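Chemist: For reference, the chains in residue letters:
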Amino acid sequence: AQSVSQHNHHVILSEAASLELGCNYSYGGTVNLFWYVQYPGQHLQLLLKYFSGDPLVKGIKGFEAEFIKSKFSFNLRKPSVQWSDTAEYFCAVNAGSSGGYNKLIFGAGTRLAVHP
Amino acid sequence: DGGITQSPKYLFRKEGQNVTLSCEQNLNHDAMYWYRQDPGQGLRLIYYSQIVNDFQKGDIAEGYSVSREKKESFPLTVTSAQKNPTAFYLCASSITGRAEAFFGQGTRLTVV
Chain A
1 AQSVSQHNHH
11 VILSEAASLE
21 LGCNYSYGGT
31 VNLFWYVQYP
41 GQHLQLLLKY
51 FSGDPLVKGI
61 KGFEAEFIKS
71 KFSFNLRKPS
81 VQWSDTAEYF
91 CAVNAGSSGG
101 YNKLIFGAGT
111 RLAVHP
Chain B
1001 DGGITQSPKY
1011 LFRKEGQNVT
1021 LSCEQNLNHD
1031 AMYWYRQDPG
1041 QGLRLIYYSQ
1051 IVNDFQKGDI
1061 AEGYSVSREK
1071 KESFPLTVTS
1081 AQKNPTAFYL
1091 CASSITGRAE
1101 AFFGQGTRLT
1111 VV
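Keeping their order, the protein sequence lines are chains A and B.
Residue numbers for the first sequence follow the numbering used here, beginning at 1 and rising by one.
Residue numbers for the second sequence follow the numbering used here, beginning at 1001 and rising by one.
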C-alpha cells in the first residue's frame, strides 16, 4: 500500500539553527510531492511542491526540498529557522491508485518548535 | 473571495446519531477530499472524488458516507457505525486529481 513516512515527530530548535525534516514514500510510479505547513490555529497551507524537472524545489519563506528518486525521499530544509516557523509540517504524495484515480496521502506530521 | 468553506466550525452530537459535515468550494475544482486529523497520526484519507457523481473510498472509509451531486459540494456523513468519530475533519479540493490541494478551516466534531 502507498504510504508516507516522516521520521521526526517532534523537533525543537533554537532560532538560526538549520532544519531538515525527513520524508520517505512507498510508491514505485510517477508521483507528485508536497510539503504543507499548519501554523497554530490556521488551516493547512502549501509550502512547496514537486511535479517534475529540477529535483531541488524552492518554496515560500526560505524553505526548499530535494527529491531523490533513488531513495524515495523528499526532505524539507531551511538554512536558518525563525521563531515564526513554529508549526506542524506535513509531507504528502499524490500517486495513482487502482481504477486510474489519484490519492493524496499524508505523513503523520512533524511538530517543530523554535525557541528564541 | 474564492475558497473552501466548512461548516460548522464546532459540532457536538450524541452518540448514535448521524451527523453531516458541509464542504463547499467556489474554486471550480474537480477533485475534492475528506481527511480526518488526529494527534500523531497526520491526515488520513476518508473519501475522495475526482468528478461529480463519482467518489472513492480512502484508507478509513468505514462508518462514513459521502455524496457528490454538485461540483461545488462534497458533504460527509459520520454515521453511528463510526466507532471513534470525535476528531478534526478537513475538506480539501484541487483543480485535478494530481494537483496541489487547498484546505478548508476544518470542523471539530465531538460526540458525547
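Check the hints yourself; a few may be wrong.
Stated by the list, open to error - Only part of the chain A face toward chain B is listed, based on derived beta-carbon distances under 8 Å: (1) Tyr25; (2) Gly28; (3) Gly29; (4) Asn32; (5) Phe34; (6) Tyr39; (7) Ile60; (8) Asn94; (9) Val114; (10) His115.
Read the hints as simulated data drawn from the structure, not as lab findings.
Computed from a predicted model, the values in this text were never measured in an experiment.
Built from N, CA and C at the ideal position, the CB exists for glycine as well.
Chemist: With reference to the structure, classify each hint as holding or not holding.
Modeler: Taking the hints in turn, this is what the structure says about them:
1. Tyr25: For Tyr25(A), the interface hint is violated, since the closest Cβ of chain B sits about 13 Å away, which is over 8 Å.
2. Gly28: violated, 17 Å
3. Gly29: Since the shortest Cβ distance to chain B is 12 Å, the answer is violated.
4. Asn32: Holds, because the Cβ-Cβ distance from Asn32(A) to chain B comes to roughly 6 Å (cut-off 8 Å).
5. Phe34: holds, 6 Å
6. Tyr39: violated, 12 Å
7. Ile60: Because about 13 Å separates Ile60(A) from the closest Cβ in chain B, which is outside the 8 Å limit, the hint is violated.
8. Asn94: holds, 6 Å
9. Val114: violated, 20 Å
10. His115: violated, 22 Å
The structure is inconsistent with the numbered hints 1, 2, 3, 6, 7, 9 and 10, although it conforms to all the rest.
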